[in-house]
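> Quick note, the sequences are listed as chains A and B, same order. For the first sequence, my numbering gives the first residue as 1, with consecutive numbering after it. For the second sequence, my numbering gives the first residue as 1, with consecutive numbering after it.
Every clue listed holds true.
All copies of an identical chain are treated as equivalent in the list; a pair is satisfied when it fits inside any one copy or across any two copies.
Here are the simulated lysine-lysine pairs, DSSO-like style, with alpha carbons at most 27 Å apart:
1. Lys136 / Lys324
2. Lys676 / Lys506
3. Lys409 / Lys680
4. Lys646 / Lys118
5. Lys136 / Lys118
6. Lys646 / Lys680
7. Lys409 / Lys131
8. Lys409 / Lys646
9. Lys680 / Lys506
10. Lys646 / Lys506
What the hints contain is simulated information worked out from the structure, not anything from laboratory work.
Okay, here's what each chain looks like letter by letter:
Number of protein chains: 2
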Amino acid sequence: MVLVPSIPVTQDPAAAADVAAARDGETQLSKFSQTLQHHQQQQQARVASSGNKEADTVDHEKTVGHAERSQWLTTGLEPPSTWREVADYLRGFGLPSGRELSSLNKKPVTQRVACFLKAMFPVLQWCRSYKLTQFKNDLMSGLTLASLCIPQSIGYATLAKLDPQYGLYTSVVPPLIYAVMGTSKELAIGPVAVVSMLISSMVSRIVNPGAEPALYRNLVLTATFFAGVFQAVSGLLRLGFLVDFLSHAALVGFMAGAAVIIGFQQLKGLLGITHFTNRTDVVSVVKSVCRSFHHDSWNPYNFLLGSAFLSFILITRFLGRRNKKFFFLAAISPLISVILATVLVFVTRADEHGVKIIKHIKGGLNPISAQQLQFTSPYIGEVARVGLIIGAVALTEAMAVGRSFAAIKGYHLDGNKEMVAMGFTNIIGSITSCYTATGSFSRTAVNFSAGCETPVSNIVMAITVLMALQLFTRLLYYTPTAILASIILAALPGLIDLHEAYHIWKVDKMDFLACIGAFVGVLFVSVEIGLLVAVTVSFLKIILISIQPGIETLGRLPGTDMFCNVDQYPMAIMIPGVMVVRFKSSLLCFANANFIRERIMEWIGRGDEGERKIDDFQTTQLIILDLSNLMSIDTSGIASLEELHKNLVSLGVEMAIVNPKWQVSHKLRLTNLMSKIGGKVFLTIKDAIDACPNAKLASI
Amino acid sequence: MVLVPSIPVTQDPAAAADVAAARDGETQLSKFSQTLQHHQQQQQARVASSGNKEADTVDHEKTVGHAERSQWLTTGLEPPSTWREVADYLRGFGLPSGRELSSLNKKPVTQRVACFLKAMFPVLQWCRSYKLTQFKNDLMSGLTLASLCIPQSIGYATLAKLDPQYGLYTSVVPPLIYAVMGTSKELAIGPVAVVSMLISSMVSRIVNPGAEPALYRNLVLTATFFAGVFQAVSGLLRLGFLVDFLSHAALVGFMAGAAVIIGFQQLKGLLGITHFTNRTDVVSVVKSVCRSFHHDSWNPYNFLLGSAFLSFILITRFLGRRNKKFFFLAAISPLISVILATVLVFVTRADEHGVKIIKHIKGGLNPISAQQLQFTSPYIGEVARVGLIIGAVALTEAMAVGRSFAAIKGYHLDGNKEMVAMGFTNIIGSITSCYTATGSFSRTAVNFSAGCETPVSNIVMAITVLMALQLFTRLLYYTPTAILASIILAALPGLIDLHEAYHIWKVDKMDFLACIGAFVGVLFVSVEIGLLVAVTVSFLKIILISIQPGIETLGRLPGTDMFCNVDQYPMAIMIPGVMVVRFKSSLLCFANANFIRERIMEWIGRGDEGERKIDDFQTTQLIILDLSNLMSIDTSGIASLEELHKNLVSLGVEMAIVNPKWQVSHKLRLTNLMSKIGGKVFLTIKDAIDACPNAKLASI
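Excised from the complex, chain A in its bound form (with noise of 0.2 Å):
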């Protein structure tokens, strides 16, 4: 680091004309550059106009020199201002792009709406070829998808510390409207086991469920309204790699935290428990668990009639992946469940023994509640902020579900336009009991292996719960909540991936390590934690390995012109005499400026490196820095070099830069470092061997 001295009492008149000769140097290199201009121009046009007719270039090839290509280099264009690649960046993803716009403009109205209307609702794309053999099977696939649908939407529900109606209501209206917006043929929309235990773990911080359950509801709908509004948002502006920077590796081990934590809180209705905790880590849950022992507050059949269920779910699960037979009977297994233990509670009156049973669910069709909504709430701030994270962990969840089952049958979900879905569906489901919706992982599985083909398959469902609304609900008075406990337990599996965590410790150490930030964070201190630590590792990585200070030597491959590092490509040939050294990372900064440069010269200095030890380094000539790897340099690093070639010069020894990318050599010649190291700045490592008399070039 280097301050430029522009020191009060300072008087040195070497270090003055330095600064002065640096400053003319800038505006004698810009009138350089624009007399150049011409030149540049004129061979651009050339280029061009030639095009790929490369016949006519053949003569001018021969008689290309280093010098004239290092000149390119050297007196090269301006590459793009900040301004214009931040434009740029923007225009690859703001509304609609210029190209679109204009090739619309050329169109009538009526055809330029009938875009429009396709693009936000693809139905009208498909519903023309839409076929009764298709229809056939999402009717299948549909009514399998309500089967489970049902009694995991009410325990979900219950997970969301909401009255059972509203997880039957989110299974109504929020498929209807995904199936005309969404581009995704298999996603199964509706509640989901994540959001409702992230919902019910954020808002319940802000009041309490069990005191004011209808202001508790109230601010449910409200985030729900808000993760809408960001997702839609986040779609319409086409900020649709904002869902990216939650990584896969993150992904995966806050899906398996959850699970964990979801699976502990079923103990609650596995056991029967009365008082349990509000707080979501493993320690507090356990702890409340205990408790519940020791007082006797919990009840064995609970736990014998769930702990019943469970394996019997488990089991004809397990039957359905060895014998494709029994796949119906699988995914039906839920609703047997409810249906068999509904009847056992009824006929043996077991809720008068301990046994909790659901009671009453309010059936009918959703209520509006839109003036439920809490907008003038003094609680706006926190529930919109709740709304952030549960939109972004939705849209996260059903993004992966829905990319991985695309890839599967080959085709492409535009993620922009399933933001827009999602987000339009969340808000028609907040004006209507819905609470927030999104891609389920285990039922999206059941309905591609029901063989659905169109998102018709979800309007079934929504249908087929809608009627169970009307007419069942009743039914369900004497339902065990034990039952539902087990229902989401047998769900939980699918989120724990062992094979996926495993996969990334082989490949990357570091993303494991947000994995198990992630895993860690959720389970033993809250959800956001959990995020915030996956977050902060991934970016962590980023940054480490764009700073990382390492050089590697170079030598050149055998039959090319090619210089690869010599500890990858064993097979390189050193040059003696010469060193050719590339940085490992993209920058040359603040960060690893100075330790990069103490490294050369100590490897210059020594003359050795472990075992690749060659007496010709002792009398290395020439140092040169391939800079292709180097995206970009800053002050500190123009500083670097500019110490290291002094030091070099000190000991005799010369220093060519080679490749700079565009940014990089533009700041190089803005700050007149080309000229201070004397024009050595070269387009290939051989030009620069070629073009210094002090190399030996017998070995080329």
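Once you've looked at the hints, dock chain B against the given chain A.
Showing chain B alone in chain A's frame:
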């Protein structure tokens, strides 16, 4: 982001087969590479033995085809593991390296001790060849330094809210310690403005210096001790690079912000205000000044005196810059001001008319303060944190100043030795009643200009200050405080480097943002926030550059086999039917992989990219991904490459990968991606074009 589906109720045989194939493939591959290992090792041995005599390999070179080269890449050695990389990295800056130790072990004990002592105390090296002529220069510069140092030290002590003698103490012991341990020849050690301000602003937040002056002083000494320990330990562990984390741009902004704040605080002394705010931000200070004006609690005589001597100092400095003759006048003008002002006040008894004076300064040697360090205080944690921040800032300033002057004289400053020297300076300082000392910006410049040759000038200065402490402190009784404010104000312009700020703006807009962030943060919030903003922006820049989601099209440069960005090199020739694409970022990871994949698909799908519309793009038959920029790839990146390949295959376009770096090619192999894309991995773009039958080769 793709979650490999290990979903409970799934039964898709294709997907299962896919996963199984992936796992099998890996084991197969590892066997394959084992068999190749032998061949590899042979080849390696041959190259190593032939060494520089390349004639042997010429025959072989001719026969090397692209197939063999591609095999080098696909079946190469494993890259060093993460642990190995970390170990290598640590070895680079750990305690004395193995090499150093082994060379030491060969020598007898006395030589080893001598080596160690020479390394710890550079004075042992230069004192042998010390000459009388050098001493003459050092004496002169040391006396000049003392004349500037005495008034500045008193001023900075008041800035640190300590009694004036503590500033003088800090100019006695630290320069002596540094003189025997430091490696810089010019650095003038003692109290400095920024550190004084920083220490007072941070420790006053722990205890009120007005209410508990003794405790406050003890905490300042304790913080100094911690700062010293932090510096020494960092140096001994060779963590010198930590200093670099405060980037050059951030330091420029931070210094300027601190200078402005210190300037505003001097209004207290200059206006003779009695009640002044303890806070450091500009808003509080300006409010405090306005309140004083409003209540007439300021005194115009103070202002007159202060501004008169400020003008005197500034004019002499201006003269000194213009003409070397006046340099010494400029250097001693602060001392002259003090003497004149003191005489003036003594003669006119202006202190009775409201001119504030220093009054009593305790003379004598530095008292021992070891028993005053507060290790058992309840504030220990906070004080340690303060020590850490102050230690870092003091080090950064000293290194920046030291390095810039070392660069002018053309010698090298060993960062780690400097850290150890500064550390011991402050540790010993803290037990001899000194607060944090570091290299002063303005005094180092004076020392340099006065012609110092060795650290002896620091010793001369320390002895002079010591004599002043012993003999002349009583004479300073009538020195007006306004004169101290003038002296501090006069030193500030050197901290504000507008030229450098403009330079940063020109070179890098993001760096400038860090600079401005530090400036605004220090000015309007607090010193720590300023530092935090600067560090955050600096690292945010690293992340943004590393994940910038762009791609660039490459063309062949005439006369070479090299492919470069067609925007940077307009003369580059594109090959019809082949699109060569390189990622702009150095990482293909969760944050940009999907975006980049979508961009490539968009580019191909549309067949144009703004100006460079070439019809042949629409018949692109081969996409070559040049991975040479990629330092790292994570699971998301690999998944997106796989998806890209699938999408391209469905469009009938071939995809080839060129020149993945070591880590990247290893991961591609680990995840079996290399075989999934049909083994189309090549070392050079030319090889890829040669190997793909679909590509039109006419143009090569």
